[in-house]
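Chains as they are written, first to last, in our numbering: chain A, 1 to 300; chain B, 1 to 300; chain C, 1 to 300; chain D, 1 to 300.
The set of hints was computed from the structure by calculation and includes no laboratory data. The beta carbon of each residue, even a glycine, is placed where N, CA and C say it ideally should be. There's no promise every hint is true.
[Said to hold, decoys possible] A short list of chain A residues far from chain C (calculated; beta carbon distances all over 12 Å):
1. 37
2. 82
3. 99
4. 117
5. 127
6. 180
7. 288
[To be verified] The following residues of chain D were derived to be distant from chain B, with all beta-carbon distances above 10 Å:
8. 84
9. 200
10. 216
[Unchecked claim] Cβ pair distances, simulated, as ranges:
11. A:157 x D:284: 37 to 43 Å
12. A:130 x D:275: 32 to 38 Å
13. D:228 x C:229: 34 to 40 Å
14. D:278 x A:204: 55 to 61 Å
15. D:148 x A:130: 25 to 31 Å
Protein chains: 4
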Amino acid sequence: MTCRSRFIRSGWVGTSTPGTRLDGMCRWLAYSGSPVLLEELLYKPANSLVTQSRHSRLGVETTNGDGFGVGWYGTEATPGLFVSTEPAWNDRNLLDVSSQITAGRVFAHIRASTGSAVQQTNCHPFRYGRRLWMHNGLIAGFPVVRRELALAVDPSLYHRIEGSTDSEIFFFLALTFGLEEDPPAAVARAAGLVEAVGRNHGVVYPLQMTVATTDGETTWAFRYSSRGRSRSLFRSGDVMTLRLQYPDNPVLHGLSADTRLVVSEPLGDLHGAWLEVPESTCVVVRGGGERLLPFVPLAV
Amino acid sequence: MTCRSRFIRSGWVGTSTPGTRLDGMCRWLAYSGSPVLLEELLYKPANSLVTQSRHSRLGVETTNGDGFGVGWYGTEATPGLFVSTEPAWNDRNLLDVSSQITAGRVFAHIRASTGSAVQQTNCHPFRYGRRLWMHNGLIAGFPVVRRELALAVDPSLYHRIEGSTDSEIFFFLALTFGLEEDPPAAVARAAGLVEAVGRNHGVVYPLQMTVATTDGETTWAFRYSSRGRSRSLFRSGDVMTLRLQYPDNPVLHGLSADTRLVVSEPLGDLHGAWLEVPESTCVVVRGGGERLLPFVPLAV
Amino acid sequence: MTCRSRFIRSGWVGTSTPGTRLDGMCRWLAYSGSPVLLEELLYKPANSLVTQSRHSRLGVETTNGDGFGVGWYGTEATPGLFVSTEPAWNDRNLLDVSSQITAGRVFAHIRASTGSAVQQTNCHPFRYGRRLWMHNGLIAGFPVVRRELALAVDPSLYHRIEGSTDSEIFFFLALTFGLEEDPPAAVARAAGLVEAVGRNHGVVYPLQMTVATTDGETTWAFRYSSRGRSRSLFRSGDVMTLRLQYPDNPVLHGLSADTRLVVSEPLGDLHGAWLEVPESTCVVVRGGGERLLPFVPLAV
Amino acid sequence: MTCRSRFIRSGWVGTSTPGTRLDGMCRWLAYSGSPVLLEELLYKPANSLVTQSRHSRLGVETTNGDGFGVGWYGTEATPGLFVSTEPAWNDRNLLDVSSQITAGRVFAHIRASTGSAVQQTNCHPFRYGRRLWMHNGLIAGFPVVRRELALAVDPSLYHRIEGSTDSEIFFFLALTFGLEEDPPAAVARAAGLVEAVGRNHGVVYPLQMTVATTDGETTWAFRYSSRGRSRSLFRSGDVMTLRLQYPDNPVLHGLSADTRLVVSEPLGDLHGAWLEVPESTCVVVRGGGERLLPFVPLAV
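If we strip away everything but chain A, and leave its shape as in the complex, we get (with noise of 0.2 Å):
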């Protein structure tokens, strides 16, 4: 076999150009707010995340097609979560819960594998009581770093990871460091052992960042890269402004003034809508309340 291999591999081929495919490009959107369809957010925007998982526009990787993930807040304590390994645009399902739930507070994530199996577990958003988590980056050198971080979480929470990727520690790791208590610090100490371990390792750059987390009230929005290079990260702004440079759109009055949108990528194209959050930042958003806070892993 192996002529037929070569011939095939190098032959009646050429060459192949690889794309500057960056790893594990996946894509996030956190809504907080006036109650809203779920089928809203995830189907209806010009630039929906379901349109993003066939065609994202600012990412080479232009296929989500690896799993897809919504938790939202709803009547019951626990946020719902409905993950599927389908691609997203193909899951009726979730076309059909997303059509009869209404929530004020959602979370909704398309994945793009960076190799780990494509299964339910391995999809985000990531719960924990009340908590939900979602990932866009990655560790890298995670089969080198990976035994060494799962032994840092906490011993009584690491029966409970179902799955085996990076963002899955990650989150176990902030919840081990305080992410009850204090999510920026928790999140701050987890991105600061990734970094050591990973440097540890000889990995030059550990970690690749942006991620919500949310306890049911308060969202928080981190965007970090230990090269200082971050996969984007935009916020909604306020909704107040967009109805004074808008004064003859209508459905920007539907929307409570508190209606915030946290995102990897923009949902759309209206002019001003969209406000680039800064490297190395932390967004909390609490009703109708965003800060900016300066964000810098701590080391454990």
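Fit chains B, C and D to the known structure of chain A by using the hints.
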């Protein structure tokens, strides 16, 4: 909800510029010749089908993530079939099976659905006895003509229809019109019926097709469209020619002289290797022999 | 929810007489009354549908692992639908969605395939506009009569057929014969056609059915078979009666007086709670009212 | 194939003594000998694995519908693997692939989950290089001991863990303790560690196992439980003996003298064919030779 719905639909958003989406842009490959591991055909070429399932070069619709199928003639009388609704690039069983099965005749297909359900019974190749069938293209206005075409299927075959695609009905029409006796004539009659029924219902260009079918010994490949602007189709040409052109490429000597490929899109860039199949043509591949016949739909 | 939950868990039943193995032994449940979390219906009862999907009590075919579906009338005009080809007991999304959605009218179905493909488009309930339909039983000799029955479907509806089951064709026949105007008459005509076509093809007992259909306000449930030996069907009887019989059971007071269940198999063992629906009967449930009508297929 | 097929269909069995319900009641089969179509092993026997997936005879838990896997040694260096989360009886690809692949060494497993996710990475057999591993049973108190056992896995292997089952960790422990050099000793050490860690955490009976592992040339099968009440395990005994006992059964002559099966449950009712493997035993099958060794966990 109306207001929120319109808001998000028109707002935050601006205009979206729809691409020149080609409906039903699938990809397929028909191989015959030296027995080869399936993985050599599906994964190894630079622009392999699996690569195309993420990034097709010749189509505006770059993602074919709505299912996959491969049929092969192994040691048994009936061809084997492996179809999946997962994106081809994620299916570990396909990867594993492909690395274990050797066959001298292989059909493979990746699907981009135009709306019908993503389910195994809608995946190509379709099989009937020893016959395989796969199709890139569409029957225009299928919802309008579906019933009349289904009624034209031989009543003894009707109950074997399992899916909901135009491609499967097209296959059963060809079987009805004698695919097992005279494939070019049977496909011509099936195409003729599709055009007649379509035009009766006001469809201007009823048929767009590249089709491949085989009985395990001969492959017939068709390129045709009512409009005269058919999907691309290529044949591999003569392995001997390649050997003369590339005397220094030893791998070209690994495949037997009768090896042939017909593909909707070339698997690589080797100059002179791929010959475009002209419009309105049927390619007959039997052993190392290849004949090109004119293809014209026949009135039924 | 505690009270309703315990009510259903301990509740409602009677004795069961084991039947003989019948092909297509599905299970279904039609609920109307107090808005209830879906999980209360699907998971909480002692002999819940999900439990039945592993271990049915009334059938020799104890496993119904070939798919699942639930339809509900929530806040939107169109009923929601969640169907799955996974065994019900394994579907985490179903579990999660069920714990988030409250509805006052719910149809649920677990499937034991008799040979047709296990795919979402073959899962009950089927939906058309605001209508839902689910079926336990079979059209005997379906491969033989499928074509003739499909041709009898209103041509304007034919293209809406997505799957390959007898149950879906039966639904489209009922729609053809006026399901949206007069359900008992439409089902009687559809059943009459099924029997006539079957007998023309030499099938002695062409139809075996328990069927439930609803428009979101009224539920019609049918028990009939050509042989006069129909699958089991039970109704919950009067909640008021239960309250009088069990004055010490506080949970029976948690559901409104108009709550009704029609089920293919009782959900628990509470004596006297379940009334068997007689052969050849249509049960009409509207609000707290219930009427039993004789059901006889009509010649078309 | 007719002869082999009939042989297995009518063949090989004995009496079965129903056990009590045990968690994690999977079923498996380890075949070596004459090359055989996979379907002959998986589908044809009267009490085949696929039949067992619906109706096991020896377990109160009659449904094993939580996934399936088959590994085989074909023409390639690495064994092939096909795992699925669908119930085995519904997987059309498995049926098709099984009718196309011939192998002289086959491992097959059907899974009844005890709670961990139903995902391909939790399906047996597990593979590492040329090694396969499958397990019926459980590590008791796994959530409590999971972390400590995972830490005991060789750090260079840790990142290869993909799923969340006790069975996969057990495999990696055996690899850690030398499965590639001395399987009985490695499994004894892994079992010893499991028992020690379990007891440290207050688990009285930490291990329940029948395990099979192979390198493609020898199969080692183990029956053991901390309590001394292990899951059932049978071996096929001598084909020569069968031939003498049943001189009129021509099909028994179709398999070579070195054909052997080790199974968690007999595949049919042929008297005298199946020999129960005693408690605390390791069966070594190499060619036509079979040795029984005592098996005792070793302190690590």
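Violated hints - listed by number, lowest first: Violated hints (numbers, rising): 1, 2, 3, 5, 8, 12, 13; every other hint is consistent with the structure.
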